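Participant: Place chain B on chain A using the hints.
Residue numbers (the numbering used here), protein chains in the order written: chain A, 1 to 312; chain B, 1 to 271.
Heads up, a few of these hints could be off.
Claimed, not checked - A few chain A residues that face chain B, going by a derived Cβ cut-off under 10 Å, partial list only: (1) L83; (2) L157; (3) I162; (4) A163; (5) S174; (6) G216; (7) T227; (8) F265; (9) A268; (10) R273; (11) A274; (12) T276.
What the hints assert, rightly or not - Below, in silico cross-link-like pairs of lysine-lysine (DSSO-like), each with a Cα-Cα straight-line distance of 30 Å or less: (13) B:K112 - B:K27; (14) B:K112 - B:K49; (15) A:K159 - B:K49; (16) B:K112 - A:K159; (17) B:K27 - A:K159; (18) B:K27 - B:K49; (19) B:K27 - B:K178.
Simulated from the structure, these hints should not be mistaken for laboratory data.
This structure is a prediction, so every number in the text was calculated from the model and none was measured.
Built from N, CA and C at the ideal position, the CB exists for glycine as well.
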Amino acid sequence: MDPTFVNSLITVVALATACAFLSVPVVLRRWAFIGEGISHAGFGGAGTVWLLAVMVPSVDQPQMVYMGVVVCCLLTAVGIGILSRRERINADAAIGIFLVATLAWGFVARQIYVEHTHHEPAWFESLLFGQMKNLSREYAIASAMISAAVVFTVVMLMKEIIAYCFDPVTAQASGARAGLIHYTLMILLALTIVIGVRVAGSVLVTALLVLPGVIGTLLSRRWNIVTAIAVASSIIGAMGGVLINLAYRVVPVGPAIVLVLIVEFLIAYVVTRAMTRRPPSSLADGEAPKSQITSSNEISSSKSQRSKVAPR
Amino acid sequence: MALVDISHLDFAYPSQRTLTLRHIDLKIEAGSVLGLIGPNGSGKTTLIKLLLGLLSPSNGSIHIDGCDPPTAVRRGNIIGYLPQNPPLPENFPISVRQLVRLGLVGKTGLFKSLAKEDVAFADSLLSRIGIEDLAESPVGDLSGGQLQRALIARALAPRPRLLLLDEPTTGLDSAGQKMFIDFMQQLRRELGLTVVFVSHDLRAVSAMSDRIACLNASLHYHDTPDHLPADLVYRMFACDLEAMGIKGAISECTCDMPHVPAEPTQNKQPV
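Next up, chain A with everything else stripped away, as it sits in the complex (with noise of 0.2 Å):
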């Protein structure tokens, strides 16, 4: 089997492994725009060291410059982590502010260093969009060592995130370490990122980090059955796009592998749909729902009147 081939594919899917562990936790807590945020930090990063190398040409190396991306994205994950939970602002917003400030970085330095050498910077377009050929084995082997990382880092954290994901102050006034939490977790983005810039572009990698737990959480009401249908969907993705793009060269990997996610994600929004049109059966026997069954002392509360009451 051609090595290169084989380097893409454990590289696709220890990527999208670590995504689809962290995706459950992104949609649930309604981080869907921190993919974007991270990963065009690394405009920032390669724009720092596009810069450099106008003044240091030694340094214009593309190891140098994914090197500035790698390090641009991690800081940017604290600094969101830090705006959105110390400071008086929303996690949207401090997302946005990195997002701009880098991307306008970026695009400053490649113009500066465009204007001296009269060619692109290196990873100018891979960035954008991704970059499969060349995929050494040692870069194969990182990413299956970082998404490892990341599986064995969410696992081992699961009761302490499901708390955070569903309240992160009761889990805090609870005793749960949810500063610990949060940061983590935007570390463990900003690892994963970094291997999905190099596969699918920071354009595309936040489809990676948002499709497979809608999907999840889509199809299923169970935390471990949607982190298992989130796996399962984006490594289908992933390879679905590594034999598109073996297949008609054409296609570049990263697209490709969005589209099929964009496909999966249809299926089990009309499967969705057509599950609950279907009235239950229980129902037809004059049976109540489950979800109506109320306990001989309930307390006479609906949750629209809470909704009303107490509007989040």
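Facilitator: Chain B alone, transformed into the frame defined by chain A:
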């Protein structure tokens, strides 16, 4: 013996020049129910946040079971908390049983599995609060009242010594409030809890509490519900006790009194 000891407490939010809470001295006996009342913006929820260690005092000290609030919270089995506006988890993918077990997360600690006896106790709460038949239902299927019970069970799961209830009767009709109060009285007797019950619903507070603390930035009263001065309530809430269903010193009410901010008075009987 006092489970909670608040001494010379002042608190101001960084963005505000005035003190939100000033000169608070309050002791809460173990096993008692304290009703904390006051008008909107009087500092009730701020005091709860200070007890939970979510805010730090500007001056003074708080001790819960001999610890400062952050230490008490980190131990995971001293404080149980029912928030004022709990989330409405329509699509959150956990069962009611899992939700109740989330209360054990702080007590158990990082990287550890839940202890079997803690899990058994948390599961037993489901039947004790009357939602055992909903244990495997998704939390999104619960009605408001059922969800409130599940959240109380979650707060009780680590067997806390102190239960903080922040506006628990908000959104409940009068029948629901009565059921909630009966239910909490029963739980309190069974589990020997110390309860702080925050509300501006005087009827609910007076029915449930051994003592009432009347808060409006500073502490204006701390005694049994029967001795609550009517004019103090009138000044604070601009209405009379009888209309609120509170029995006590109604004859003392000076009903033509204009609604003015209440002045601090000496605590009648610090506990």
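Participant: With reference to the structure, classify each hint as holding or not holding.
Facilitator: Verification of the supplied hints:
1. L83: violated, 16 Å
2. L157: With a closest approach of 7 Å, the L157 (chain A) hint holds.
3. I162: This interface hint holds because 6 Å falls under the 10 Å limit.
4. A163: holds, 5 Å
5. S174: holds, 4 Å
6. G216: holds, 8 Å
7. T227: holds, 9 Å
8. F265: Check failed: Cβ of F265 (chain A) comes no nearer than 15 Å to chain B, outside 10 Å.
9. A268: This interface hint is violated because 14 Å lies over the 10 Å limit.
10. R273: At about 15 Å, which exceeds the 10 Å cut-off, the nearest Cβ of chain B leaves the hint on R273 (chain A) violated.
11. A274: Interface hint status for A274 (chain A): violated (18 Å vs cutoff 10 Å).
12. T276: Violated: closest Cβ of chain B sits about 12 Å from T276 (chain A), beyond 10 Å.
13. B:K112 - B:K27: Violated - the C-alpha atoms of K27 (chain B) and K112 (chain B) are around 35 Å apart, more than 30 Å.
14. B:K112 - B:K49: holds, 28 Å
15. A:K159 - B:K49: holds, 24 Å
16. B:K112 - A:K159: It holds: about 10 Å lies between the C-alpha atoms, which stays within 30 Å.
17. B:K27 - A:K159: This hinted pair is violated, its Cα atoms lying about 35 Å apart.
18. B:K27 - B:K49: Given pair K27 (chain B), K49 (chain B) holds - Cα atoms ~17 Å apart, limit 30 Å.
19. B:K27 - B:K178: holds, 27 Å
Going through the hint list in order, the structure does not satisfy hints 1, 8, 9, 10, 11, 12, 13 and 17.
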